Amino acid sequence: MSTQVPESVEEESATETASAGKQKRDAKKRERAERVQEQREAEAAEKARSADDTYHLKVFRYDPEVPEKQEPRFDDFHVPYKQGMTVLDALMWARDHYDSSLTFRHSCRQAICGSDALFVNGSQRLGCKTQLSDLSEPIRVEPLPHSDVVKDLVVDMEHFYDQMESVEPYFQTNSLPDGELDEQRQTRENREKVKMSTRCIWCSACMSSCNIAAGDNEYLGPAAINKAYRFAMDEREGEDMKQRRLEILEQEHGVWRCQTQFSCTEVCPKDIPLTEHIQELKREAIKNNLKFW
Amino acid sequence: MYEHDVIVVGAGGAGLRAAIAAHEEGADVAIVSKLHPVRSHTGAAEGGINAALREGDSWEDHAYDTMKGSDYLADAPAAETLCKDSPKETIKLEHWGMAFSRDDDGRVSQRPFGGLSFPRTTYAGAETGHQLLHTMYEQLVKRGIKVYDEWHVTRLAVSDEETPEDRTCHGIVAYDVQTGQVEGFRARNGVILATGGLGQVYDHTTNAVANTGDGVAMAYRAGAPMEDMEFIQFHPTTLPSTGVLITEGVRGEGGILYNENGERFMFEYGYANNLGELASRDVVSRAELTEVNEGRGIEDEYVHLDMRHLGEERIIDRLENIVHLSEDFEGVNPLDAPMPVKPGQHYAMGGIETDENGETCISGLYAAGECACASVHGGNRLGGNALPELIVFGKRAGHHAAGKDMEDARITTGKEGEYELGEVDSPVELGEAGIGEDAVADGGTAADAGASVSGTDLVQRAVEDERETIETLLERDDGIQQAEIRERVQKSMTRNVNVFREESALKDALRDLREARELYQQVFVADKSRTFNTDLLQTLEMRNILDIAEAITLGALARNEFRGAHWRKEYQERRDEEWLKHTMLSWNDGRPELWYKPVILEGENKTYEPKVRSY
Amino acid sequence: MAERYTSFEPGGRRWLWQRLTAAFLVVVLAFHFFLLHFLNHADEVTFALSQARMEQLTYFSLMILFLVTATFHGVNGVYNALVNQGLSGTRKTAVKAILGLASVLLIVQGVRTALAWAGGVPI
Amino acid sequence: MSQSYNRGLIEDFSRWREFSAGMWAWIFHKFTGWVLVGYLFTHIAVLSTALSGAAAYTNTIQALESLLVVRILEVGLLAVAVFHILNGLRLLFVDLGVGLEAQDRSFYASLILTGVIVVASVPTFLSGVSI
Ligand SMILES: Cc1cc2nc3c(=O)[nH]c(=O)nc-3n(C[C@H](O)[C@H](O)[C@H](O)COP(=O)(O)OP(=O)(O)OC[C@H]3O[C@@H](n4cnc5c(N)ncnc54)[C@H](O)[C@@H]3O)c2cc1C
Ligand code: HEM
Ligand code: SF4
Ligand code: F3S
Ligand code: FES
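Protein chains in written order, with the working numbering: chain G, 1 to 293; chain R, 1 to 615; chain D, 1 to 123; chain H, 1 to 131.
For the record, the hints were derived by calculation from the structure and aren't laboratory data.
Quick caveat, the model's predicted, so the values are computed rather than measured.
Every residue gets a Cβ at the ideal spot worked out from N, C-alpha and C, and that includes glycine.
Be a bit skeptical, because a hint or two may be false.
[What the hints assert, rightly or not] Distance condition first, Cα-Cα at most 30 Å in a straight line; then the derived DSS-like pairs of lysine-lysine:
{"no.": "1", "chain 1": "G", "residue 1": "195", "chain 2": "R", "residue 2": "491"}
{"no.": "2", "chain 1": "R", "residue 1": "146", "chain 2": "G", "residue 2": "195"}
{"no.": "3", "chain 1": "G", "residue 1": "195", "chain 2": "R", "residue 2": "142"}
{"no.": "4", "chain 1": "D", "residue 1": "96", "chain 2": "H", "residue 2": "30"}
{"no.": "5", "chain 1": "G", "residue 1": "242", "chain 2": "R", "residue 2": "92"}
{"no.": "6", "chain 1": "R", "residue 1": "88", "chain 2": "G", "residue 2": "195"}
{"no.": "7", "chain 1": "R", "residue 1": "92", "chain 2": "G", "residue 2": "193"}
{"no.": "8", "chain 1": "R", "residue 1": "528", "chain 2": "G", "residue 2": "69"}
{"no.": "9", "chain 1": "G", "residue 1": "242", "chain 2": "R", "residue 2": "142"}
{"no.": "10", "chain 1": "G", "residue 1": "242", "chain 2": "R", "residue 2": "88"}
{"no.": "11", "chain 1": "R", "residue 1": "491", "chain 2": "G", "residue 2": "82"}
{"no.": "12", "chain 1": "R", "residue 1": "528", "chain 2": "G", "residue 2": "58"}
[To be verified] Heads up, incomplete: computed chain R residues facing chain G, CB under 10 Å, no partners named:
{"no.": "13", "residue": "38"}
{"no.": "14", "residue": "39"}
{"no.": "15", "residue": "40"}
{"no.": "16", "residue": "138"}
{"no.": "17", "residue": "240"}
{"no.": "18", "residue": "241"}
{"no.": "19", "residue": "331"}
[As the list claims (entries may be wrong)] Sample of chain D residues at the chain H side, in silico, Cβ under 10 Å:
{"no.": "20", "residue": "23"}
{"no.": "21", "residue": "102"}
{"no.": "22", "residue": "109"}
{"no.": "23", "residue": "117"}
{"no.": "24", "residue": "120"}
Model the full assembly from the supplied sequences, consistent with the hints where possible.
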């Protein structure tokens, strides 16, 4: 980044070095900028008013550093509707046209990066995958429950990442083929079995929806258990590894904490049958232990 | 200040592979990324990874397809490296547990893809990129490689010798998104840029919001040239409101394109009398846009892709995910209504100039992935050739940066080999606005003291410069906001530098960009918070968008021919006598300098003779 | 990087027993309700009637088993609920001890009562 | 470091309207479970009057059973027990991985069935009570 930003007019007239020509140009630039800005605001307002269809959003606001926002509040935004508009589109529109300090994570806009899980009208959803037209107004948009809010709709994800990484979330096997071009074969059935579990995009919606995870910080949570499922059920890892995987899952704050509330399964934007996976692991763990009894 | 041997900027497929490779070589490596690794846009790739794995296929065939697909603008050493290394690297992913689709015999599945002479696209359902990204992140966790996530890299700390070829990169400067801190990262051995695509230059793209071409712009301003920037791939069927990709499979199964009057325009207006909807990507994209431009588009924006006649059963059987995509992102159920589609920016063939080892002309600075241009894709990328690029060149850059002995590169970087200077007739002044007045000759360059400054000091100085820049931006209370400038640039680029390119429109774009650059001089950040200030970050990104948009337009204006994805109204054929050369742009004290370097068509065993690109 | 949890205190056994006792309780509880509320009406309960039933070994042992399983199921359920709410450390140990003690008392008291009815183990 | 704002647990309860079937089932099951343990302890306490002799026991029981409140509480207990049993069965099936797709419907079914059984048994439970 360069630093060629013009100083404010007052300072410039104070500094003798600034040439008259430059001042004039600057003034012109500023004028144009103002004009553009005004025009833009007028357009935005006009659009919002004239559109027969606007959506009313109530958005959670909080910023520890800005005095007016230190006390959490809800802001209202009226956003003109376009066919196909999602909650994320509406938030972006509000940010770009009303308040550029409106803060939320987002990137892919296609339900694959997992950064915009939000609490919309009382349930955890991806902003980019939720059509405005499917919601009743006013649309309440809040940060994910059971997570610390960093600012506006942004929550601290550290705990979620810690849980995900605590289950040894990587492939481990003792039976790799020798050649670097030889594949380690896997049956189609087995790949089908783990397929759904590999779809997780780490959005944390499930974790946020689970009451147990809310009360018990050590609980691995549905996403991490599902991650472990992905490996435990992969035949390529072999029996020894499966044993180890089950040990991780069997810990006190592992699968047993799940009370089959199903809310994780209901909110998962990738339709992963989380409860089913957790239950299957419980049974696997029991079966595994019965051998020693 | 943080210090590591190798610093990788970006955590998509290319960044992750580079970090793992550097770690394999024993380097102390860290990743600095503005997004958490699993949020990277590599996750969006659907189709697959090209690799010659099977009997009957060979890397030579793959290289041939790649060269032909590139319209003979790819450098053979790079394309051959890609095709030779891809099988090994793809199987490596498999050994890391990646959940590829499987054949009955338990081997990984492959499928045919456009422009390939053999079905060699290795895939994992319609989510190959997602599986690849997550598998590699898992390996990162396994190795305990340090990731500074949500750190936005803003500039490179490069020494400022006169010629870029003499410069050295010592590290980077990054902004901690959560706390608003600006910190230096010293890299003892090297910095690898893997910042991905630049789709945000356009208002309609399949790329993520984070794909603002930061790495390309940073490297450019530090002295590394940009190569072949005019080559942008557009995909003909993307959903209008989000840019979500609707696979070619819909047309393959028999989907039909209609204009506002319900005419099957591919035939009725003679765009492709034989193939119709199945004509190649660029032909269909141009046909759609012509319809819209001539007033036959729906809502003056898009056309309809109808597959209802295929019948629910067949649709659900073969194209189920398309039904979901259309419903979720466009609110249209394609079983009841035709889907709106329009062309969208998809991929940038050009980028930071590198050799086969990922190294740029600045020593210690590497690039890999979509932000780099080795050049593998030349004028047009084949589907399924980007993911192998990530793993092949990511790995090579990682190894090289970590000090592994590598074969010498055949591709030269910077003005080291043969080159010629170019000229372009621009209606406006190019480059940084305000130059010659109070502008700072900038770039990544940090110091004016030359080579005698130690690397650490250099990084420190760059940090101080960056802090000042950010302070200045935050202090200003009025002016214009980045969203406004961004919208103008994106609109202008989409109108003028899209699939259709003609001289007058390109010049209009340059005028618009000039105006945008001047407006940017007065940009201000309304949000003064230090915590998660996305307003500030977008303002910083905006600067990169400007430089890149200008480069794309300049290249497009200079290149008087039709090659690959680059179509020019005035010159509707490929002109090999004159244009078998790469468009290069260097940042010279705030102004772009245009030059060319020849394409290398001599491969290891043979020379790729330009042929007519027809399938 | 996250630490890995190492406290491998498998909660699996208790989980399984909770299900097994539940399955058992379904049957016995239904029987219990039926017998004491539908076959014999509540206002007709007397010591003598209970005594008559308790003197049969099958009924006696069934009731003892009923008591033990119900206690385990109930107390373990309470304990689980508390762990679910993040109970840990010394408080957890204390709760465990108290619940254990309470169950023992309950079972002892229940068995004493049953013996009082049956007038000793009915063999 | 930036500070962050924790909204605490309070908000959970204010969100009850947004709870889904599975959550309600969990809450009810918990509640009924606790009531049942509570009752188990009381039950044994009452029964242990048998230790002080046959008369004491019969008197206590009959005195209690003649009170309307006790009868009403018993109906409540029945409701609690029946729900716990039915939902417990539902949970057992869930544990076996059977009928997961119908988990919300089976919860509603347990609720309705509990209601039916309780209403049907009111006459039996209230018979012979002296007011
Ligand atoms: C919809 C879609 C489908 C595709 N399908 C295919 C396909 O089927 N086959 C194929 O081969 N290719 C496909 N591609 C192309 C391919 O996916 C991309 O080219 C490739 O994933 C780019 O990877 P990357 O690692 O270079 O960048 P990305 O994955 O985009 O990663 C960029 C990284 O850089 C970081 N970053 C960026 N700027 C900064 C900064 N300033 N500071 C710090 N960090 C920064 C980001 O956080 C991110 O981690 C597809 C692309 C799209 C968009
Ligand atoms: C008759 C059949 C019964 C069945 C089928 C049954 C079933 C269950 C099941 C499956 C659970 C576990 C819930 C979970 O962990 O997810 C449970 C919990 C519980 N049960 Fe039962 N139960 C029965 C009777 C009883 C009785 C008689 C008591 C009282 C002594 C009781 C008290 C409890 C308690 C306290 C819990 C814990 C509730 C909580 O999670 O807070 N149950 N029951
Ligand atoms: S399991 Fe589903 S809800 Fe949970 S993090 Fe993964 S994708 Fe999100
Ligand atoms: S919501 Fe929680 S309780 Fe289990 S089923 Fe899902 S993890
Ligand atoms: S923006 Fe990526 S998941 Fe929604």
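Exercise for the section: Check each numbered hint against the structure and report the violated ones by number, ascending. Expected result: Hints 1, 24 are the ones this structure does not satisfy, whereas the remaining hints hold.
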